[in-house]
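Q: Hey, can you work out the whole structure from these sequences and the hints?
Respectively, the protein sequence lines represent chains A and V. Be aware that the first sequence starts at 45, since it is given in my numbering, and climbs by one per residue. Be aware that the second sequence starts at 45, since it is given in my numbering, and climbs by one per residue.
It is possible that part of the hints are untrue.
One copy or two, it doesn't matter: identical chains are merged, so the pair holds either way.
[Said to hold, decoys possible] The list that follows gives simulated cross-link-like pairs (lysine to aspartate or glutamate, EDC-like), each with its CA atoms no further than 20 Å apart: (1) K321 x E265; (2) K143 x D206; (3) K321 x D301; (4) K361 x E265; (5) K361 x D220; (6) K113 x E64.
Hints listed in this document are in silico derivations from the structure and should not be mistaken for laboratory results.
There are 2 protein chains.
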Amino acid sequence: MYAPLQNDTFIRACMRQATEHTPVWLMRQAGRYLPEYKATRAKAGSFMGLATNTDYATEVTLQPLERYKLDAAILFSDILTIPDAMGLGLSFALGEGPKFAHNVRDEAAVAKLAVPDMAKLRYVFDAVTSIRKALNGRVPLIGFSGSPWTLACYMVEGGGSDDYRAVKTMLYQRPDLMHRMLAINADSVAEYLNAQIEAGAQAVMIFDSWGGVLSDSAFPEFSLAYTARVLSKLKRSHDGVVIPRLVFTKGGGLWLDAMGQLDCEVLGLDWNVNLGKARAQVGTHGKSGSNAKALQGNLDPNVLFANASQVETEAIKVLDSFGKPHTNANTTGPTHIFNLGHGISQFTPPENVEVLVNAVHAHSRTMRL
Amino acid sequence: MYAPLQNDTFIRACMRQATEHTPVWLMRQAGRYLPEYKATRAKAGSFMGLATNTDYATEVTLQPLERYKLDAAILFSDILTIPDAMGLGLSFALGEGPKFAHNVRDEAAVAKLAVPDMAKLRYVFDAVTSIRKALNGRVPLIGFSGSPWTLACYMVEGGGSDDYRAVKTMLYQRPDLMHRMLAINADSVAEYLNAQIEAGAQAVMIFDSWGGVLSDSAFPEFSLAYTARVLSKLKRSHDGVVIPRLVFTKGGGLWLDAMGQLDCEVLGLDWNVNLGKARAQVGTHGKSGSNAKALQGNLDPNVLFANASQVETEAIKVLDSFGKPHTNANTTGPTHIFNLGHGISQFTPPENVEVLVNAVHAHSRTMRL
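A: Laid out in structure tokens, this is it:
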């Protein structure tokens, strides 16, 4: 049905298999820093107009691949499509973050929640299939969703937040409601990601963008447990091909030991984390046995505002902090997937992304010599 | 000159000496969640009007002590008084964060920076002396400042920021300018805190509120090194009495090993950190020898939006996560100072603060039995 994969570097690195260079892609690589993206968005009229139109979603997903030698594509969509399908009414004002028409703050609102009919998310699955076809095997396509906890943050707050007061008030005051919402979110995310896999996604990533706002005692109960619930329900393979699963908890660096126990292949890390230490902790076979993870990250996106030579220097610093990936084609071992530690800024000079991608490829090849 | 200290629990805990209960105070304990604070601020007309008036600053510093059995007072002021004294023009619109009239974004602006004349900060030192007198020995008075890096964030951004793009652009593009600014900031903070000590502060705290936005490779160079520079210049005692020094890096939990090497007595921790692990890492004599630190923190301020019994439960959880403090009056050992992991929210119900303070005192006494 689809063309065979020509560049499988990303998939192999996810599976902790040796690669010739360190694969690189960037969170939000299709986005506002690209003039061609802005042109397509202007045609679409709104963010959701863009995300719900198969042709536009395909077009913007492929735009960064035309410019840069990226090793993966990621579905153009948003982490909040599920609560939108639950009827909360997602919108994006120009230049602003997501907003819901309805929020979920009391028992009655939680009681109304249910796993949405996946038919309402058909536009996402259609986009996945269309993008997969358009990629024609160039690089693999990553599907994604927000984590159950991150979805809950937005559902309760009704949008972004500085202090997460509403969602944490519910968490501390009505943990029963919070657990009910998180269970529904987890089952929704699992169905959603499985449908993306069936539609053609070759890897899936769970963005726990707000896991890091939780306390050390609340994180395992309200975020990690529900990420684990999603993972337990995900398809491991499709059409006989393994589907790697990536989990990224922004601000979760202190909980790497616990995250190392997740049933997934890759952990995403932000720029607070030392990649060398993380590799020793969860990236290497040892006391954690077969749970060893591939690691993804973790350049500070603000590095891309520096000069070209400084971008190179900082990219090399990240590669060197991970250290030499294993190179034995016959075994698995520590692998690194280069990425930013968070989404790319809309103000990024596009030419610096090219410098970055090329520096990662060039330096990571020399590291393997 | 001053009345002798009646409740020295906080000071003893800072020095890792045994205490009968775990001392507790709250970051921003004098503030907008108290109706009496709002009344005083209305009289003062503005935040800076409040902070620069000795009588008002004294009044609001003591307000929470009238309500709660807190074990320390903290000077009512702001972390940004130094850049204001440098001429950047600090103001606070009602309900909003700090704003500077001028920011520092280029070589010319950095070249103009200098350690400010401490006479311009006389209002702070006068407030310290006035508060110390008004306290009349009830509890010790903590003086404070922003860290060199945190001051730089506000100076470059001109106020708060979502992404720290301006300050990080300077950091990555012109590290020479950033280092120059940080050196001036460090020397200013040291002079400022020493003057607070001379004016009557019995402990001093450095708030590195934005240390946690730095990458693992940038934190030691751009934040920690300059906090260390401040500490190296601080008075160790005044009038023959030791002055404990506290350092709090919000979001710095991953760098505890490095922070454990700082020449200070106490490390503040946010709610991401597991207190038991932190105690094992930096709170106990061992491989780090005499560098062991007292630990301060780390309740999520949002717990205070729950019901009274839940506030108690969560407070006990924090105390238990640290574990039993040492109780031997003849030696030093692991000690805990209870606090929030960040400033108290302006929306906090005042009655829950009473529940919290009393729960900390009651449970921490039973832990010592």
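Q: Could you run down the list of hints and mark each one as holding or not?
A: Against the structure, the hints:
1. K321 x E265: between (25 Å within a copy, 19 Å between copies)
2. K143 x D206: Both: 14 Å inside a chain and 17 Å across chains, each within 20 Å.
3. K321 x D301: Both ways: K321 and D301 sit 11 Å apart in one copy and 13 Å across, limit 20 Å.
4. K361 x E265: Cα proximity of K361 and E265: across copies only (14 Å, versus 35 Å in one copy).
5. K361 x D220: between (45 Å within a copy, 19 Å between copies)
6. K113 x E64: Within one copy, since 14 Å is at most 20 Å while 64 Å is not.
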